[in-house]
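Trainee: In case you want the letters, here they are:
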Amino acid sequence: MSRQSQLSVIRSFFLETDGPQQRRAFVSRLPQQSENDLTRSTGAELAGVSLPGSTLLEIEEAFFQLPLGSAQMRALLERNNLEAVYEEISRIQGNFYLKVYSQYEEDGASADHQRLVDDQNESYRFLADEETFELDVEAVFKQQELILIKQRVKGFEQERQKAQTQPETFTGKTGILHSLVKYAPWLAAACVALVIWQPFHAGNEEIYQQFLTSSTNAAVFRQDYPASIAPPASRPNLEEDVRGEEPVDTVFSRLERAQLEEALVLFEDKRYGLVVSIMDSLQISARRGAKYLLPLAIARMHTGNSEQAAEEFKQIVATKATNDEARFYLSLCYIKANNRPQARIYLRELAGRAGPFQQRSEEVLRRLRWF
Amino acid sequence: MPNLQPHSDEKYIQAIRSGDDRLIGEFYNYAFLIARSVVFRECGLNDDDQFKDIYQDSFFRFFGNVKKENFKLTSQLTTFLIGICKNQAREKVRLLNRQTLTGKNEDLADEYTPFNKFVDRYENLDERKKRLIETELDKMKVNSGDCYALLDLSFRSDFSNQEIAQKLNRGIDVVKTQKSRCLGYLKKAIFNRLNYE
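Chains A and B are the protein sequences, given in the same order.
Going by the numbering used here, the first sequence opens with residue -6, and the numbers climb by one from there.
Going by the numbering used here, the second sequence opens with residue 119, and the numbers climb by one from there.
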């Protein structure tokens, strides 16, 4: 509603009504919007209170009765000088507010209003200090975080206690180790089986046969013995390397020497059985024809009599400390007899010094089973 | 001695900062027995229940420290945690001894908590204000996620404006303005609520 129409309503109100009853009837006839504007013009709404309709109407009446009592206002209204009327009304309104407030105070209405004002002032004070507010917000954040962490730590403890009653589970490196532990019996069994089986090592009999066959090299053998086989050239062939040994030509007759030469030829032909029988008939021993003891012992090994061969090798080793060949074959005899520790002593000795049996001894040691 | 720690220290620190509870729980369990044996051996404590309290309290302090971005590890993570446990246990034993003598009950010293200065502030905060800030922050979380995230980074995670700017890939001035604006929104929301609730 424009100010003009508002004033015209006011004018009608003043000029066309007489007495409270007519004025009340006038207000009730006004359209809703007009009524609201009329109400607003009293300033009641601006005072921030809401009143029951009847009370409001009484206040309106009281307000409009004020100008009616003024001769100046009546004159202005009669002259239709509406601008002047409005100014006069505004002036009177200003005074009226004070009266309205005082009346509200009496009714207790202003206590609410005062509370509202007080609350607003409190709110301003409450939020006034920027820094304090920021710290307060931070404190709230921190408190939330604190509660959260405490809850989580408590949760971890509950989980830990729960885990104690359940089968343990691990992750990462520990997990891998733990999973291996499950297979530990199987792994241990496999290791034991491998140790027993020793796939890269050979059995005693296998080593014995292999190295006996490969080592009995006639050429090697003959290199050491041509002089003993050949008839003496200028002087008797003295057996200097065996203590107490007598020269061959004095021990054996011509026939026996011929038999020995035949035995050596048979040895080259690997007819070991005949070699053994010939040499046994000639009673070869450490004291008699010690040089022939080695081929005899080797021939015995080939015929399967390793125990007696070992005894003969021992005699050779005892009388000739540097005879590597006898040591090697003796170690083979020990292997055949399952006496690996004793065999290892000779083999290590041979492997430790340069010679034709060094490499072979190393190989036998490598292939020999641990137990 | 072989290191049987399931994961590396760096991985656990990352887990604590990113909130990976599975890994943190794993570390909690892993360090528990080590800390227990050390504390029992070196601090004169032999009560399991007391140790559990001490361990939880120590882990809480440890957690708060490690979570800070500027945390620098100068030893193994387990050693750091056990160090806190030992201090707490010694303090506990000292107080127990004193209680035996004086009959007084005292709280444990709170030397490692990064929250100390805020705990008192929070305790002394007006209840109405506390409630209003919490409520409005919850609302902000739903209605203005960016603002909440910014305040969260600043106040909960202790990031500086510079760090936040790097994290959010924005200018530092923008971050400052946004933070100030977000605090302003929060303040206005609380003011409205104060007057109209």
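Treat the hints with care, since some could be wrong.
Claimed, not checked - Partial chain A-side listing against chain B, Cβ under 10 Å, derived:
#1 E127
#2 A132
#3 F134
#4 E138
#5 K147
#6 E150
#7 E152
#8 Q154
#9 T158
#10 F245
#11 R247
#12 L248
#13 A251
#14 L259
#15 E261
Derived by calculation from the structure, the hints in this document are not laboratory data.
By construction, the Cβ of each residue, glycine as well, lies at the ideal position given by its N, Cα and C atoms.
Trainee: Evaluate each hint against the coordinates.
Mentor: Comparing the hints with the structure gives:
no.	hint	verdict
1	E127	holds (6 Å)
2	A132	holds (4 Å)
3	F134	holds (4 Å)
4	E138	holds (5 Å)
5	K147	holds (7 Å)
6	E150	holds (6 Å)
7	E152	holds (5 Å)
8	Q154	holds (9 Å)
9	T158	violated (13 Å)
10	F245	violated (74 Å)
11	R247	violated (81 Å)
12	L248	violated (80 Å)
13	A251	violated (77 Å)
14	L259	violated (67 Å)
15	E261	violated (64 Å)
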